[in-house]
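Asker: Below are the chains, spelled out letter by letter.
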Amino acid sequence: LYRAGLGLVEGLARRAGAASFQALDGPGRERILLSLASGGNDSRGVAEEFFIRVKRDVLAFYWGSVVGQGTVGYRPPTAGYPEYADPPAQPRGAGQ
Amino acid sequence: VISVKQEPFDAVVIGSGAGGGFAAMGLAEAGMRVLLLERGRRFEPARDFPMNHPDWELRPRAFRDTETPAGDASLVLEEGAPLDQRYAHLGSRGRLSEASPPRSRRGPFRYERVIGLGGTTLHYQGEAHRFPEHAFRPSSLYGFGVDWPLAYADLAPFYERAEQVLGVAGDPANPFKPARGPFPTPAHRLSYASQHIAKGAAKLGWTLLPNSLALPTRSIDERPPCQRSGGCAQGCIFGAKSSVDLTAIRRAEQTGRLRVQTESRAIALEIGRDGRVAGVVYRRANGMFRVRAHVTLLAMGAIETPRLLLTNRPASQPNGIANSSGLVGRFLLETLLAEITVRFDERIDAYKGPPIDSRIWNFSRPSRDGSVRSGYVLGVSGTLGGFHGPMSHALLLPGLGRAHKDAMRSHFGHVVTLFGMAEQEPRAGNRVMLADTKDSDGVPLARIESAHSEADLLVLDAMLSRAGELARASDAAETLRQATTYDRPLASHVGGTCRMGTDPRSSVVSAYGRSHDVPNLFIADASVLPGQGAGDSPSLSIQALALRTAEHIVTLARRREL
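Listed in order, the protein sequences are those of chains E and Y. Under the working numbering, the residues of the first sequence are numbered 164 to 259, in order. Under the working numbering, the residues of the second sequence are numbered 842 to 1403, in order.
Rather than coming from a laboratory, the hints here were simulated on the basis of the structure.
Facing chain Y, from chain E, some residues (calculated, C-beta under 10 angstroms):
#, residue
1, Pro190
2, Leu196
3, Ala200
4, Lys218
5, Arg219
6, Ala223
7, Trp226
8, Val235
9, Gly236
10, Gly243
11, Tyr247
12, Ala248
13, Asp249
14, Pro250
15, Pro251
Anything over 12 angstroms on all C-beta distances counts as not near chain E; from chain Y, calculated:
#, residue
16, Ile843
17, Gly921
18, Ser981
19, Arg1021
20, Arg1106
21, Arg1131
22, Ser1166
23, Thr1396
For each residue, glycine too, the CB sits at the ideal point set by N, CA and C.
Please model the complete structure; the sequences and the hints are all you need to start from.
Answerer: Given below as structure tokens:
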């Protein structure tokens, strides 16, 4: 699925005039990925399945990590939350 | 081939949840030799529960998912009763996900139970409620449901004993509850999220109070106090939550008179010529076994207990064991739940603290104008509704890249669920029955046939409206979703399917849980509940009733009247 999906996004990137998917800027990449979800391409079945799988894997990798969790001020409850009744602290990097 | 267990037991208890664990403790502490059969395994909090890891939301659940085709199902998953379209506005929906087409029938029941030593208390959120006095006489007082065959005062000493064993934390100054002495441990401070919602409740003239919880605020029996991790439903990694395996069963084992046999599934009850239970047949991985005891207690919950009774049909009891009334399985009380998940602009971090740390009891009596005939209780939860840690938020929120990250920042720590739970109107037509499909042991699966009465629909409507009022009064920015049991039925707080009573024609067991038909058969689980305590959570009442049943059995045994 990944091989087929990556081939698909490369093709879509070239059709959009870019040298490769990697050469696109952030919004450009997002446009292509979102087009997979909305069926705006030729291989809807694979595209949609690839999009769902990639989105889930990326979200799991990032938000399951200490780095990702830190951006929203979360730490797992391995030491409990003794501060649970106090006003919450602003997460680091808030507003960025 | 069935092997006979030669070891002598005074009592066999089948099922180790709220009722079975406490019944076993009551019997063992009084000197009886008890065998406790549990279908699942024993859990070790530090080893088995996932929240010790940053990616805990991605790890497999500790408690196996039983109600799936791949799981060990007890229930047939099928569409339910037709929906009353006059109440279509109660339908479950989310703003963040794709709209699902309107339903014409109720969805399949979600059977939220845990198979393991301690039963569903392994994943419960520790709510430990004494039912209010009026909930024992709803028919006399309000013309609703049926009066219990015992009063609050009869149960109060057993409530107190159960609370001591659990180390319940609470505030005795609750004007909506019967007067009482101090709780075994002091109440938790309200979480920041509940403090926030309390201000909204006060604007409406309602009182948000600390919940009474089996989450002790100081060390009990060498267990640590509650660490406010919000992880009750995943299994408490600290072993602080007073689940039954860590409290009543541990105490009973310390007597030296309780034998716990896990991964042992009861398949059949054998009835002798004298009409008494002569043996219990159970399956383990290494074969089938039969055990005999003076007394058998069933404590498998309001679905599995009637399932076992209806499955076994000896010649002398062709309608099922203990079923001369024809009421085994009937008067099912399902869960009546309505909830909304809302977002605040400011951060409230509702995922921190006990998961349901506060309740509003202003509506635990029927409305004065009679429009809402059932009592209900509102609550605040940081972990209901599918939003808990970052991962669950990430999967629910739309968008990609920066837009998704922005959505995470405006949602994570900003979301809370407001909900209501009510008492269902008991009706004979709502029932657990046997399906044609059988499980791997050849036991028919259970089917649930249940529909809402007008009273049920009205109380769901009232709870959803009140939750919305509370959200607005608390200045919530938006509602993300609503979910109700109108279309998504839930079997978590279930009861009624072997109801207690004084008349053998209109009940299955006595006020002590003793079968009217089979003198050495007792039931000590939610099946016996004639009502649902005006929306309070049932575990403490099940535990108190189980202790009362155990005490009665000991009295009968001493008098040689068993």
